[in-house]
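Engineer: Sequence:
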Amino acid sequence: MKAEAVKAESSSVMDLRNSHLRVIPREITSLPLLRILDVSQNYLKAIPPVIVKLDKLEELRADDNRLTKLPDEIGQLSLLTRLSVERNLISELPDTISQLVYIQEIRLSHNVLKEVPWQWAMLSRSLEELTLEANPDLVLPPMVIVERGTRDVLRYLEKVRGAHTRQALDLAKLQLRSVPEHVFDLVSLLSLNLDNNELHYLPTRMLSLPSLRNLSLRNNHLNILPLGLWRLPLKRLRLEGNPIKFPPQDVLAADISVLLRFVKAMETCATDNSLDLSMMGLTSLPLEVTEMTSLVALNLHHNHLHDLPPAIGQLKRLKYLNVDGNRIEDSVPEEVMERFDKNSPAPLLRYFRAIHAATASYPFTLDLSSFQLRTISTQINALDSLVVINLDNNEITSIPPSLFRHQKDTLREFSIRNNRVRVLPTSLSMCAKLEKIEVEGNPIESPPLVVALSKPALCLEYLRRIEAVSRHGRLVLNGLPFIGIPPEMVGNNQLSSISITEAQLYGDRSKLGRPRPLHAPQIAPSVEVVCDERESEGEGKGVRLPMSRKEVLSMVIGPDLETFKHVGELEVVLKRGEEEERVICLPAGDTLAAMRTRAKEEKIVFLSYQ
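Under the UniProt record's numbering, the residues of the sequence shown are numbered 1 to 610, in order.
Honestly, the hints are just simulated from the structure, not real lab data. Incorrect hints may appear among the rest.
What the hints assert, rightly or not - With beta-carbon atoms standing in for the labels, derived distance ranges: (1) 257 x 283: 11 to 21 angstroms; (2) 457 x 226: 24 to 34 angstroms; (3) 143 x 243: 20 to 30 angstroms; (4) 272 x 152: 43 to 53 angstroms; (5) 245 x 151: 34 to 44 angstroms; (6) 152 x 214: 20 to 30 angstroms; (7) 243 x 17: 54 to 64 angstroms; (8) 264 x 214: 18 to 28 angstroms.
Just so you know, even glycine gets a beta-carbon here, dropped at the ideal spot from N, CA and C.
Please put together the full structure from these sequences, using the hints given.
Structural biologist: Given below as structure tokens:
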């Protein structure tokens, strides 16, 4: 070592400032009593590990050099009280400095540090000053903590230390404006508390914590939550005291599983254009949903919706809409109903309230159950090619014949349970592929309930025969269940005759004299009844024939012949096997002589009614 390069005030102090040094001279290690070493303002790129030999060193100053790091061995300078390496290029620090139990001052400002080792929290008993200013990339501790001074920095490091030892990090009440970057590297973190800070958003990197179970963000300034939040294995999430607008408050108030399902659904719908928001406690449709113009499928079943916003009409590509199990009180908005119009420029809404929560295809199904409908709109009548029509649990009193006009080649299921319908339209019989008809819970009169509840083929055949009256003037119910003249036939001027050959008579024999009365001013001029002696089908409903003349007439025209006093003469032909008996029912007032004369000539029986 050149003498001119060394300015020694004593054997314990060595000042090598501004000595144009590129390395620390090896000769220094031969000074075992050295207490203070100052090598500032040189060109040093490293401090050699051999510095550990200066075991009496108390101060090390190496400011204004080109140092990029400090050696791990510096932690073995057990008597070191001051360390200053300001204005260098240091990017990382050794955690071994935490072993310096007498260290009082560490100066690290104006470097390129990213993190201070969390192990330095162990210096809290001795360290009085730690300067970290002007480290632009520093994330641990955050600059907002650095600005508060050494005590706060050490407390912060102690919190981070707890994250490594207990997998829990408490960063509450630190006035943090963002989530510290170092947090995202804590892959084993189970619990994170960020309550009472100044956070306005959660960064995407927040989603990279694979073990996080508990997250508390109370009393911040969060407006929205990231959609990718569902990727965290969260079991508990606290968000009280935030002005969150998205997700909606309905979702936030629900179980965390609902929240995670919501954000996942909102994120994944961007790829498959299908959004499942079922069973999430929604009381209104989020505005963000109505802005998803590419949406094809929307599932909202079993929420608490009271209405459907007209803005749904903006979803021009929507084909699948499920709102089953809600509390919708108002009628379906016109903006939605017009999507049923086949002349609409937008694609038809083909699936309204589906059975399944999600589907890859969109069968042509119309489900308007539980909508409190009183009538069936003209837009629905205009639908074509439907496979399923479900109108259960409404207040519908009649079904327009036009409803089935466009479904004759496609309709397979029709359900109108729990309404107020009395008559099924004969146009239903045109639906040749119909496999299922459900009418339970209606005061059905035509077809007879026993027919309406039987196999679809039988019901359709009955309706076809009713419909045929308009073409042939003859009602033929041969071989079908019979409990009386269909109500729509009463007063039908086109009806000329009724045939109930081999009809299956239903009802309690003891009550056959009082079936449902048909109060009508007209009836067919002739009725043919062929009775056999077989037991009618239907458990507990069969009636054994032959029957008395009065019983048969009661089944055909009602219990009270007085009902037909305006008809004039009514002819009923009763057939039992090969025998045939003609019964002429005449109004009271016809002369007995005329009746006897006609009976003798035509071999008929007369009944007179009052």
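Engineer: State for each hint whether it applies.
Structural biologist: Structure-based check of each hint:
1. 257 x 283: 11 to 21 angstroms: holds, 19 angstroms
2. 457 x 226: 24 to 34 angstroms: violated, 57 angstroms
3. 143 x 243: 20 to 30 angstroms: Holds, since residue 143 and residue 243 (Cβ atoms, about 26 angstroms apart) stay within the stated range.
4. 272 x 152: 43 to 53 angstroms: holds, 48 angstroms
5. 245 x 151: 34 to 44 angstroms: Holds, since residue 245 and residue 151 (Cβ atoms, about 38 angstroms apart) stay within the stated range.
6. 152 x 214: 20 to 30 angstroms: holds, 25 angstroms
7. 243 x 17: 54 to 64 angstroms: holds, 56 angstroms
8. 264 x 214: 18 to 28 angstroms: holds, 19 angstroms
Checked against the numbered hints above, the structure breaks only hint 2 and satisfies the rest.
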